[in-house]
Amino acid sequence: MHFPGKFPGKGKKVRLSSKEAGTKLRRLAPRSEKSAGSSPGTRRGRLVSAGYLFPSALGVLLFFVLPFMIVIFYSVVDNPISRQFVFLDNFVSVFNNSAFRQAAGNTMTFSLVAVPLAVVLSLMLAMLLESKIPFRSQFRTFFLSPMMVPIASVVLIWQVLFHYNGMMNEVLAFFGRDRVDWLNSSFAQVVIVVLFLWKNLGYNMILFMSALSSIPKDILEVAVLESATPFQIFWHIKLRYMSSTILFVTIMSLINSFKVFREIYLLKGDYPYDTMYMLQHFMNNTFSRLDYQKMSAAAIMMAIVMVLIIGALFLTENYFGKDVEG
Amino acid sequence: MKKHFGKNPASGGRSMDNLSDERWDKEVRKKKKIRDARHLVRVCLATTVAACFAVLFLMPIVLTVTNSFMSASEISSNYGQVFATSDTGGKMYIAEKVNLKFIPDMVSFSQYITVLFKSPEYLFKFWNSVILVVPIVAFQLLVAAGASFGFTRYRGRIREIIFFVYIILMLMPYQVTLVPNYLVSQWLHLLDTNWAIWLPGIFSPFAVYLLTKYMRRIPVSMMEAAQIDGAGEWQIFRHICMPLCKGAMCSIAILLFIDYWNMVEQPLILLSDQEKHPLSVFLSKINAGEIGLAFAVATIYMVPPILVFLYGEDYLVEGITYQGGIKG
Amino acid sequence: MKKNRKLILTAILAVLMTMLWGCGGEGGSQDETDGYVYVPEYVQMDVDCTYINSVTSLGDSVIMNAIKWDEESQESSNFLYRYDLAKGEGETIPLAVGEDDNIGAMTAGADGSLAMVVNSYTYETDENGEPTNYKSSITLWSVSAEDGSIKSQKDINEVFGNSQDGGTYVQNFCVDGQGNFYLDDGNNTIYVLDQDMNKICEIKADNWIRSMAASKEGDVYISTYGENGLEMRKVDIAAKKLGEPQTGLASGYGNQDFITGSTKSFLMDNRSQVSLYDLSTQTEEALFSWLDVDINSDNVSQRGELSDGRVWALTRDYGSEGADGPEFELILLSRKEASQVPQKEKIVYGAMWVDSNVKKAIIDFNKTSDKYRITVKEYGEAVEDYQAAQTQFNADLTTADCPDIIGLNSLDYHLYASKGVLEDLYPYMEKSGINKADYLENILGAYESDGKLYGLIPAFYVSTTMAKASQVGDKTGWTLSEMLEFAEGREENLFAYGSRSSIFYYCIYNNIDEFIDWESGKCFFDSEDFIKTLEFAAKYPEEYDYQADREEGISSRIRSDKVLLLDSSISSVQEFQMLTGMFGEKVSFLGYPNSERKGNLVQATGGCMGLSSKSKHKEGAWEFMQRLLSEEYQDSMLSEHGNSFGFPVKKSALEKQFELDMTPDYFEDEDGNKTENAKTSWGWDDFQMDIMAATQEEVDAVRSLIESAEKVSGSVDEQLVNIITEESEPFFKGQKSAADVAGIIQNRIQIYVNENS
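Chains as they are written, first to last, in my numbering: chain F, 84 to 409; chain A, 584 to 911; chain B, 345 to 1101.
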C-alpha cells in the first residue's frame, strides 16, 4: 500500500471501500479488546497515542470529573456550609422524598415513551424520504429546521397552541369537545412528548437516512430477486443493518430528552403541574434552596441508573450488532 | 429494467404465439400501468405525509420570519399577554384567546431598523455569541480529534474505561454539573470571563464520543499498512485519520455550533456581567416589553445556524454514515 | 437555487458583521480602575450660610449660590461663594438679588461669566397689606464671576409663550460653546436663545428631559427616557432637532446624570458609579463608585471635574439634625495608586440589594475604622435575571469567597439559618458585653430559630390591621375564618384600597404557614378557607383604581363605616396618633389573620443582616454589626419632632424615644408665655392632624402593640406567589371554577412542599 496519496479523504470512497476492508479485517484480526494490544503497538506507540488523549483527558478531569467529584462530596455531607459527613443519609432521605419519586417517575415515563417514539417515528420519516418522492432534499432540510429555532419562538408557539385559551382548544371547541387545560393536567406529558419529538425527529431522521443509504445495494437487490416482501426486506435486512444506528439514535435521543427541561421550565417555571415535574426540576430547585446535598444525591442516583441503561445498551449492541457491522 | 428481464424468460412459452404475444404485451402494459398508478399513489401519499410534517416543522421558522415584519405594536397586541410577567417575575395567565398570526397587517421594517441601527446592544450580544461559540466549536473539535485518535489507536482496558466515563459524563444533565462548574471556575478565577464558558465547552466529551465512534470504523488495516510503510503516529493521524474524518468533523461541528449557539444556562450563571451575555440568553428571557423586537432579533439570530447548516448539510448526511453502535 | 440561498444568507451575515465591526470599538465601558483608587479629601469651606441653592463649576472653581437666613432680622440674604479648588481659597461675592428674587438655575457661561435664570415674584396685596395673589416673571442674567455685578439681563417671559400662567420654572439650563442659552421648561421643550438673549428656536423632545449639559467640546446634549432606557441625544440647533441616541453608554432606566467634563466630554453619575464619557470615541470609562469613596450618593447635590482630572462633589446631609438645616460638605476626590493607600482588612457586605440606611452606616464605619473596610456587593442590582443573580449569591455563600455579612433584606432567614449559613449572634453579643435583656425580646425573637439569633436589625416597624372596636369587638387578633365571616356581605366597605393581590397578601401570604404543614408535608390550598378566600378576592378588582372615587377621603370613609379595615404599618408614636385620630374612636389592632390570633408582624427597617458562618473576618464583621446595636447608634435614630421612621430595638433607646414623644414642644412668645406647639403635622388623604405630645395611654398602646409582634412579615417565597397569581386568574376571569383552580394550585404547591420536606 502506498502512502499517503492513496486516501483522498472523500467520504463516498471510504464508504465503498471500508465495508470490504472491514470484513476482510475481521477475518485477519478480529477487533476485540484483546486484539487492541496486539496491533503493532509498541510501548512507545502506546505512549505517543496516549499523548493525543492527554489534553482532552486533562480538561475532562478538570471541568467534568472534578465537578462530579464535588457532586459526590456534597452527596455525603449534611449541607454545603457545615459539611459534616453523613454517609448515605442523603440518599435515603432523597429516595424517600415524594417529590423525588414523582420526578424520577415522570422522567422515566417520559424517556420510556419519548425515546422509543423518537426512534420509531424518525425511522418512518427516513423511510418515507427513502421512497422516491419529489423535493427530498428540501423536505430533509425542513425536518431539520426545528433544531435552529430560537427558544423564544418555541415557547411562544407552545404557549399559544396548548394554553387553556389557546389554539388546540379552539380546534376542540370546533369539534364540539370540552376544553382541556393541556399544561395543567395529565395531558401535560403528551404536550412535552410532542414538543420533544418535534425538536428531535429531524436529526434522528438524518441519522437513519445515512444508515439506510449505507446498506449495501447488492444485498437489497438479491432480496428483491428472491422476491422478498418489502416488509421482509425491512425487517430482516434494513433493520438488521441499522441495529447499531438504532442504538446510537436511542442514546442521542436519551441525551436530548434531558434537554427538553429548558422548554418545560420556560413554559411553567420551577413548579409545574406534577405530571410535568422532572428530575431536573428537582435538582434545580433543591440547588436554588442551597440543598446541594439533595441535588447531588439525586444526581448520583440518576448517574447510576444511566450507567445501568448504557451498560444494557452495550450488551444489546454486542448481541445484535456483531454479525453485520464491521 | 432488470426486473423485466428477469421475468421475461419465465413467461417465454406464451411469447411464441403472435396473438397472445400482443395480448401479453397489452397485459404487461396494463400491469405496468397499475403498478405505475399504485406507485404514483404511494408517492403522492408519501409526499402528502412529508408535506404535512414539513408544514408542522417549518411553522416556527416561518412564524418567526413573518412576524419579524410586524410592527412592535402589532406584536404586543397579539402576543403581549403570552410573555407578560407579574411584579414578582412569575408568569401571567393568558386570559384572552390567543392565536398564531402569520401574516402581518402591514409589512414594517421597524423591528429591524431598531435592532440594527438604534439599539446596538443586540448586535453586541450577537457578537458575544460569536465570540463564545466559535472558539468552543473549533477547539473542541481539535481536542476531540486528538482524543479520538488516542482512543482509536490502542484500545486497552484502561482506555475503554475512560471512554465509558466520557459517555457517562456526556449524558449528565447540565443541572448537575453547573454548580460544581461554578465552584471550579471560581477556584480557577475564571468567573466572569469568557474562559468560564470556553474551557468546559472545549473539553466537553461530546465531540470525543462522536468522533471516536467514527474513527473506530476506519479499517485498522489502513493504519497498519501505513505503519508498516514507516509512518509515525503523527503522520497516521494527519494523513489518514484526519482526511477520512473530514465529513464527520463537519457534521459534529454543525451539531456543536447549533447546541452552543442556543446555550442559556451557562452564561447566566458563570457570567454575571450582562455585557458578556450572548443573544441566546436574551431570547430565552423575553418579556412583554421586549417581545416587539424579539422576532427580528430571533430572525437575525437564526442566520448563522442556517448558514452553517446549508453549507454543511451534505456533510451532515455523509459524515454520520459510519456512526454505528454506541460502543464503536 | 440552493447556491443562491447560501449566497443571500452569506451576504446578510457579511452585512451584519460589518455593522458589528462598525460599532465594535464603541461599546462597553472599560474598567481602568485597576491598581488605582480614588481618595476623598474634605475641603474646609469658610462660608456662613443656611442653605446652598445652586452650584456650578467654572474652570477649577466651584461657585455656589448661598442663602443665609437671619433669625433676628427674619430676612434672608443671597450671595455667591466661590471656592478655587486649585488654589484652595474661598471668597464671598455679593450679589444684587432682591428679596423676592430666586435664582432658579445657574451655570457657567461661555466667556467666564455666570448665567442665571432668575424667577421674581411680585405680590398683589389687599388693603390690609396681606398678599392675595402673586405674579412671577423670569429673567436671564449674565453675571460677572469676579464681583457679582450684572453684565446684562433680559426679561424672557415671552420666550416660553403664554402657555403657563404661574410662570415658568426652568428645569435644566446650560450654555453652549458659542454662548447660546438652552432652557428646558420641564415640559419636553428646549428653548434656545442666542448670546444676546434673543430666541433662536424651540426644539421638542419626545419625553421628559432628565438632564441637559454642554459637553467639553461645547455642544449641548440632553437625556430622555426612550425605548431602551435613558438615551442621550445632541441638541442640534442648526437642524433644529435632536440627534440620534449616543451609543456606548450603559443603558437602563437608572438615574444617569451628566455634567460638563474637563478631561473628557462628560462626567457621568448614575448615583452609584461615576464615569467619564468621550463623545469622539463614544466610550465610557469608569472612575469610582460613591460607596468606595465613603460618600452617600443620595446626598450628592452637585459634582464636577477639574482640569487635572480630580473630581469634586458637594454633599448635603439632611440626616444630621442639630445644625440649622442641612450640613454641606465639599469633597475633592483624587486618584492615587492603590499601593500608596494604607491597606485595611476587607470585609464584604453581600446582599441582593442594600438598604440605604445600611449604606450610610457602612460609610460612617469606613470613615472611622482604621482596621477594617467594608465593601458592598449588590448581587441583584440592575440584573436581567434576578433568579440567576440569586443563584450566584447562593453559590457564593458556600465558597471561601463568601460575603462576611449577609444582607437578609427580602430573603428568608430561616432558609439560610437551617442550612448553617448564618452564625448564632447571641454568643457574639455576649462576648462584646451586649446584654440581650437590653433589647426587645420579641423583636429579637422574631429573628430567632431554636433559641439562636440569626438576623440583626437596628430598627423596625409593625404591620397590622386596624378596625373600630365597635365593629369587630375589642380583640387583638383573629383567624382567617373569623375574618372571612366578618367580611361576608361587607366586601364593598372593607378595605381602603382592595385589589385581588392585596387580598392574597392579606389573607394568605402573610399567613402562609396556615396552609402548609411542614411536619407532615401536606398543604391545604384546596381547603375550604382557601376557596373562600378565592371567592372573597374575586369580589375585588384586579387592580385598585387609585384615580377613581376621589370624592370622599379615606378618613371620612372610615368614620362612615365605608372602610372597616385599615391595613397599615406603625413606625412611630406619631403615626399611631395620626391613625387613631383618623378613626376618631377606639381602635382594635387585629393584625393579619392567624390561627393563634397573633397577626401583628415585625418589619425590619434600616437593614437586616446576618453573619456568615464561613467568614474569615468575623471579628471585623461583628465590629460593624455591633455598632448598629450600640447605644450611640440606637440613640442617633431618635427623633425629637416625630419624624423618625421605625422604632429602635434597644429598650433604653425606645424609652428615650417615648419620653421625647411625650415631651411637649413649647413656643415662647415675646412676653414669655409658653404655649404648646404641635410636634409635627401629619395626615393621610383628607385627614390632617397636628400631632401634640403623646399621652401615657397612647405610648402604652404603642408599647403593647410592639410587644405583640412576634413574627417577621413578608417572607413568603415568590414561587408560591407566582403559582397562586397565575393559576387563580382563570377563576377570576370566569373560565374555571374556584375548586378547579384550587386543585391546580394545590397540585403545584404540593410539589414545592414535598421537595422541601
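If you're looking for bench data, these hints aren't it; they were derived computationally from the structure. Every value quoted in this text rests on a predicted model; they were computed, and no experiment measured them. All C-beta atoms, glycine included, are put in the ideal place defined by N, C-alpha and C. One or more of the hints may lead you astray.
In silico DSSO-like cross-links for lysine-lysine, where the CA-CA straight-line distance does not exceed 30 Å [unchecked claim]:
#1 K883(B) x K1077(B)
#2 K701(A) x K578(B)
#3 K701(A) x K883(B)
Some residues of chain A that are not near chain B, with every Cβ distance over 12 Å (derived) [claimed, not checked]:
#4 T668
#5 M675
#6 S691
#7 F700
#8 A721
#9 E743
#10 F747
#11 M753
#12 W817
#13 D842
Computed footprint of chain F on chain B; a stretch qualifies when at least three of its residues, placed anywhere within it, have a C-beta under 8 Å from a C-beta of chain F [what the hints assert, rightly or not]:
#14 393-404
#15 612-618
#16 738-750
#17 1071-1080
Taking the hints in turn, this is what the structure says about them:
Restraint check: the Cα-Cα separation between K883(B) and K1077(B) comes to about 12 Å, which is no more than 30 Å; the hinted pair holds. Under the criterion of a C-alpha separation no larger than 30 Å, the hint pairing K701(A) with K578(B) is consistent with the structure, at around 15 Å. Restraint check for K701(A) and K883(B): not satisfied, since their Cα atoms lie roughly 45 Å apart, outside the 30 Å limit. With a least beta-carbon separation of about 9 Å from chain B, T668(A) fails to lie farther than 12 Å from that chain, contradicting its non-interface assignment.
Taking the minimum C-beta to C-beta distance to chain B, about 6 Å, the non-interface status of M675(A) is violated against the 12 Å cut. With a least CB separation of 15 Å from chain B, S691(A) remains clear of the 12 Å interface cut-off, as annotated. Distance to chain B contradicts F700(A) as a non-interface residue, since its nearest Cβ pair spans about 8 Å, not more than 12 Å. Its beta-carbon lying about 17 Å from the closest one in chain B, A721(A) satisfies the requirement of being farther than 12 Å from that chain.
With 12 Å as the threshold on Cβ separation, the claim that E743(A) sits away from chain B holds: the shortest Cβ distance comes to roughly 36 Å. Under the 12 Å C-beta cut-off, the non-interface status given to F747(A) relative to chain B holds; the minimum distance is some 30 Å. The Cβ of M753(A) sits about 24 Å from the closest Cβ of chain B, beyond the 12 Å cut-off, so the non-interface label holds. Every beta carbon of chain B lies more than 12 Å from that of W817(A), the smallest distance being close to 35 Å; the non-interface claim holds.
In this structure D842(A) is separated from chain B by more than 12 Å, as the shortest Cβ-Cβ distance comes to about 19 Å. Coverage of the segment 393-404 of chain B by chain F is violated. Counting CB-CB distances below 8 Å, 0 residues qualify, and the rule asks for three or more. Look at the segment 612-618 of chain B against chain F: 0 of its residues bring a Cβ nearer than 8 Å to a Cβ of that chain, fewer than three, so the hint is violated. Counting residues of the segment 738-750 of chain B whose CB falls under 8 Å from any CB of chain F gives 3; the rule of at least 3 is met.
Under the rule that three or more residues need a Cβ within less than 8 Å of chain F, the assignment of the segment 1071-1080 of chain B holds, with 4 such residues.
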